[in-house]
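In order, the protein sequence lines correspond to chains A and B. Heads up, the final residue of the first sequence is numbered 200 in this note's numbering, and it's a clean run with no missing numbers. Heads up, the final residue of the second sequence is numbered 224 in this note's numbering, and it's a clean run with no missing numbers.
Simulated from the structure, these hints should not be mistaken for laboratory data. Don't take every hint at face value.
[Claimed, not checked] With a Cα cut of at most 27 Å, we get these calculated DSSO-like pairs of lysine-lysine: (1) K78/B <-> K160/B; (2) K94/B <-> K217/B; (3) K194/B <-> K217/B; (4) K78/B <-> K121/A; (5) K217/B <-> K121/A; (6) K160/B <-> K94/B; (7) K121/A <-> K94/B; (8) K94/B <-> K194/B; (9) K200/B <-> K217/B.
None of these values were measured; they are calculated from a predicted model.
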Amino acid sequence: MKLLSIVFSVTLAGILFTGCRTSAGTSVVMNHETGGSVIYEGNTRLHNSVSVTAVTYDKVPAGLNRVNIQLSSLIQRSQHLQYRIAWFNAEGMEIDADTRTYRPLVLQGLDTVTVTGVANSPAAVTSRLRLREWRAAR
Amino acid sequence: MNATVNQFIGLVLLAVFAGCATAPRVYESELDRTPLTTRIEPQDIRRTVEKMAESLIADPGVLDATKGERPVLDIEPMKNRSQMIVDMQSITDSVRMRLIRSRLFRFVDRSTSGADITIMDEQAQLGLTDRRKAIRPGQQSAAQMYLTGSLTDMVTRVGRVTDHYYKFTMILKDLRTGEIVWTDEQEIRKVANRPML
Chain A
63 MKLLSIVFSV TLAGILFTGC RTSAGTSVVM NHETGGSVIY EGNTRLHNSV SVTAVTYDKV
123 PAGLNRVNIQ LSSLIQRSQH LQYRIAWFNA EGMEIDADTR TYRPLVLQGL DTVTVTGVAN
183 SPAAVTSRLR LREWRAAR
Chain B
28 MNATVNQFIG LVLLAVFAGC ATAPRVYESE LDRTPLTTRI EPQDIRRTVE KMAESLIADP
88 GVLDATKGER PVLDIEPMKN RSQMIVDMQS ITDSVRMRLI RSRLFRFVDR STSGADITIM
148 DEQAQLGLTD RRKAIRPGQQ SAAQMYLTGS LTDMVTRVGR VTDHYYKFTM ILKDLRTGEI
208 VWTDEQEIRK VANRPML
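Using the sequences provided together with the hints, build the complete structure.
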């Protein structure tokens with residue numbers, strides 16, 4: 063009986079912890095024409111550990127849009143994260159989706175970092191930062 | 028009760044060994060997956076290419092050097108000074124693709140010059156092409172700058188820990204002045220802990 067309860071508990075714990083690996087993260091959508099930004103948080107753990115503290119826009123000398131996003135850690139320990147900045151045209155379609163990569167980001171405890179993205183086309187008017195936990199990648 | 032325990036253990040073992048089927052489990056992985064080794068992997072190349080292209084696009088020095096015109100660039104394959112076998116040509120090809128797609132740069136391609144001459148010769152000599160429309164040699168754009176770079180690495184092993192550091196460096200050199208008008212680097216550091224057993 064004791065063995066059965068141990069095996070059952072281990073199996074249940076395995077199922078529960080497997081379910082904790084989610085690829086949902088924090089998204090910041092930035093409209094470079096209106097200057098507005100909206101933050102979507104789809105992961106409670108990430109919501110409690112990282113905060114988007116500032117978003118600024120400018121243009122590079124060649125005329126392409128650039129975005130700077132400041133991220134702050136809300137916890138003491140280091141976090142291994144990945145971020146991806148995608149760009150969209152006026153119709154809301156992503157430009158060259160395949161060429162945008164997830165970049166690694168190690169956020170030290172209670173530290174603040176700024177990530178930057180440059181548009182990959184003059185047609186890009188909206189950008190979106192997607193932030194996820196490192197273990198969300200397979 | 029013993030029978031129930033045995034049945035449960037039997038089911039667990041069945042579930043475990045079901046994964047031991049002979050055919051390999053193959054699935055489409057995302058391009059930016061977690062690292063498998065401390066070697067250079069596709070996601071490292073993709074990140075490096077993205078960073079280099081963004082850095083080059085954002086740099087004011089390139090447009091200054093060409094007085095605001097879209098510069099014509101060429102590529103000199105990057106040098107591999109690391110211990111790894113990496114297709115360096117592929118990296119510069121990817122950077123070129125990104126820069127061309129940004130519509131801010133133009134490129135010439137020396138690697139296909141032989142084919143250019145063959146096609147022009149055929150247009151001039153075979154008699155199949157309208158002579159007024161045939162392309163004559165001597166009209167191609169001249170590269171004003173060229174893009175090149177290198178990859179270096181450094182390995183440290185302490186006990187069961189392997190620390191592998193890589194550095195990609197790229198430069199853009201002005202052919203007329205010989206000056207480097209842009210440079211950037213991408214550093215990658217990977218650590219592997221070998222299991223005890």
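Here is how each hint holds up against the structure:
Under the criterion of a C-alpha separation no larger than 27 Å, the hint pairing K78/B with K160/B is inconsistent with the structure, at around 42 Å. The hinted pair formed by K94/B and K217/B fails the criterion: a straight-line CA distance of about 41 Å is larger than 27 Å. Distance hint between K194/B and K217/B is fulfilled; the C-alpha atoms sit about 12 Å from each other, no more than 27 Å. Of the pairs offered as hints, the one joining K78/B and K121/A holds, with about 17 Å between alpha carbons and a cut-off of 27 Å not exceeded.
Restraint check for K217/B and K121/A: not satisfied, since their Cα atoms lie roughly 34 Å apart, outside the 27 Å limit. Distance hint between K160/B and K94/B is unfulfilled; the C-alpha atoms sit about 33 Å from each other, more than 27 Å. A hinted pair counts as satisfied when its Cα atoms are at most 27 Å apart, and K121/A with K94/B qualifies at roughly 18 Å. For the hint pairing K94/B with K194/B, the CA-to-CA distance comes to about 31 Å; that exceeds 27 Å, so the pair is violated.
For the proposed pair K200/B and K217/B, the alpha carbon gap of about 31 Å is over 27 Å, so the pair is violated.
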